[in-house]
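*Asks:* Each chain, letter by letter, is given below.
2 protein chains.
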Amino acid sequence: MNVEISFTQEPIAIPPIDLPSLEIGACVEFHGIVRETEEGTALASLQYEAYERMAESELRRAISELAVAFPCEAVLFIHRLGWVAVGEPSMYLRVLSSHRKEAFMFALTLLDRLKMDVPIWKVAYRES
Amino acid sequence: MNVEISFTQEPIAIPPIDLPSLEIGACVEFHGIVRETEEGTALASLQYEAYERMAESELRRAISELAVAFPCEAVLFIHRLGWVAVGEPSMYLRVLSSHRKEAFMFALTLLDRLKMDVPIWKVAYRES
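As given, the protein sequences belong to chains H and Y, one line each in that order. Counting from 1 along the first sequence, just add 386 to a position and that's the residue number in the numbering used here. Counting from 1 along the second sequence, just add 386 to a position and that's the residue number in the numbering used here.
For the record, the hints were derived by calculation from the structure and aren't laboratory data. Since we're looking at a predicted model, the values are computed, not measured. Treat the hints loosely; a few may be bogus.
[What the hints assert, rightly or not] A few chain Y residues that don't get close to chain H, going by computed Cβ distances all over 12 Å:
no.: 1; residue: MET387
no.: 2; residue: GLU390
no.: 3; residue: PHE393
no.: 4; residue: GLN395
no.: 5; residue: GLN433
no.: 6; residue: ALA436
no.: 7; residue: SER443
no.: 8; residue: GLY473
no.: 9; residue: TRP507
[Said to hold, decoys possible] Negatives, chain H to chain Y, calculated, CB over 12 Å:
no.: 10; residue: GLU396
no.: 11; residue: LEU429
no.: 12; residue: TYR437
no.: 13; residue: ALA453
[Claimed, not checked] As a list, the in silico SDA-like pairs of lysine to any residue whose alpha-carbon atoms are at most 20 Å apart:
no.: 14; chain 1: Y; residue 1: LYS487; chain 2: H; residue 2: VAL389
no.: 15; chain 1: Y; residue 1: LYS487; chain 2: H; residue 2: THR495
no.: 16; chain 1: H; residue 1: LYS487; chain 2: Y; residue 2: GLU435
no.: 17; chain 1: Y; residue 1: LYS487; chain 2: H; residue 2: ARG499
no.: 18; chain 1: Y; residue 1: LYS487; chain 2: H; residue 2: GLU390
no.: 19; chain 1: Y; residue 1: LYS487; chain 2: H; residue 2: ASP498
no.: 20; chain 1: H; residue 1: LYS487; chain 2: Y; residue 2: GLU390
no.: 21; chain 1: H; residue 1: LYS487; chain 2: Y; residue 2: THR394
no.: 22; chain 1: Y; residue 1: LYS487; chain 2: H; residue 2: PRO475
no.: 23; chain 1: H; residue 1: LYS487; chain 2: Y; residue 2: PHE393
no.: 24; chain 1: H; residue 1: LYS487; chain 2: Y; residue 2: LEU500
no.: 25; chain 1: H; residue 1: LYS487; chain 2: Y; residue 2: PRO401
no.: 26; chain 1: H; residue 1: LYS501; chain 2: Y; residue 2: ASP503
Here a beta-carbon is modelled for each residue, glycine too, at the ideal position from N, C-alpha and C.
Using the sequences and the hints given, assemble the complete structure.
*Replies:* Pasting the structure below:
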């Protein structure tokens with residue numbers, strides 16, 4: 387399985403979809419976008435921080451474990467760090483698999499693991 | 387909810403993501419791609435056919451029903467018809483929602499409904 391993980395201080399640039407084999411039947415993409423309100427109050431922007439090395443290592447572990455239940459051929463994960471304005475994406479995930487259910491379940495479960503286990507966090511600054 | 391459905395004989399052209407509000411936190415995209423093998427034998431290409439008017443009507447019904455369980459703000463669905471070569475996308479779905487679980491569950495369930503209830507079908511031509 388081809389796994390690419392990166393962190394960037396710049397706006398996320400999404401590379402074109404490149405199929406590693408002719409057995410890919412499903413490509414699932416997810417963009418996490420900064421919303422205007424968080425827990426009921428308005429945000430101006432969010433700041434994301436991470437322990438990058440540990441975050442990458444935890445992500446690779448989660449990806450290996452999930453691939454047993456939901457076989458996939460390629461995973462691309464990009465997370466923005468630093469300030470991200472409302473309406474802009476803070477993260478991007480792409481999963482390529484033979485079948486759609488595996489691709490969807492892989493992506494959904496990986497995002498749950500991301501929230502629980504991976505040292506990436508956000509600091510919210512409210513409008514004042 | 388903004389719903390756009392289209393069928394095309396041309397390669398699918400994906401429009402840029404346009405957020406209808408600053409409450410969108412999740413964008414899920416799915417590309418269904420023609421695989422080289424189907425039920426164990428090699429394909430050269432697939433031909434897709436549809437009763438377009440009925441397919442659109444069934445899709446709109448499924449979308450309205452699913453939006454009750456999984457609230458979403460925008461759905462874009464594009465299906466290619468006619469010949470589609472191996473490795474090319476035959477369909478594209480985009481779902482925008484405030485939250486990722488709703489967006490994923492909406493997309494996954496809509497694709498199940500698509501297979502069951504919507505008059506779009508494929509004719510496989512084997513390599514000989």
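*Asks:* The structure should be examined with respect to each hint, and the outcome stated for every one.
*Replies:* Results for each hint:
no.	hint	verdict
1	MET387	holds, 17 Å
2	GLU390	holds, 18 Å
3	PHE393	holds, 20 Å
4	GLN395	holds, 21 Å
5	GLN433	holds, 17 Å
6	ALA436	holds, 19 Å
7	SER443	holds, 23 Å
8	GLY473	violated, 5 Å
9	TRP507	holds, 17 Å
10	GLU396	holds, 18 Å
11	LEU429	violated, 9 Å
12	TYR437	holds, 23 Å
13	ALA453	holds, 18 Å
14	LYS487(Y) / VAL389(H)	violated, 23 Å
15	LYS487(Y) / THR495(H)	holds, 10 Å
16	LYS487(H) / GLU435(Y)	violated, 23 Å
17	LYS487(Y) / ARG499(H)	holds, 13 Å
18	LYS487(Y) / GLU390(H)	violated, 24 Å
19	LYS487(Y) / ASP498(H)	holds, 10 Å
20	LYS487(H) / GLU390(Y)	violated, 24 Å
21	LYS487(H) / THR394(Y)	violated, 25 Å
22	LYS487(Y) / PRO475(H)	holds, 17 Å
23	LYS487(H) / PHE393(Y)	violated, 24 Å
24	LYS487(H) / LEU500(Y)	holds, 14 Å
25	LYS487(H) / PRO401(Y)	violated, 25 Å
26	LYS501(H) / ASP503(Y)	violated, 35 Å
The structure fails hints 8, 11, 14, 16, 18, 20, 21, 23, 25 and 26 (numbered hints given earlier, in ascending order).
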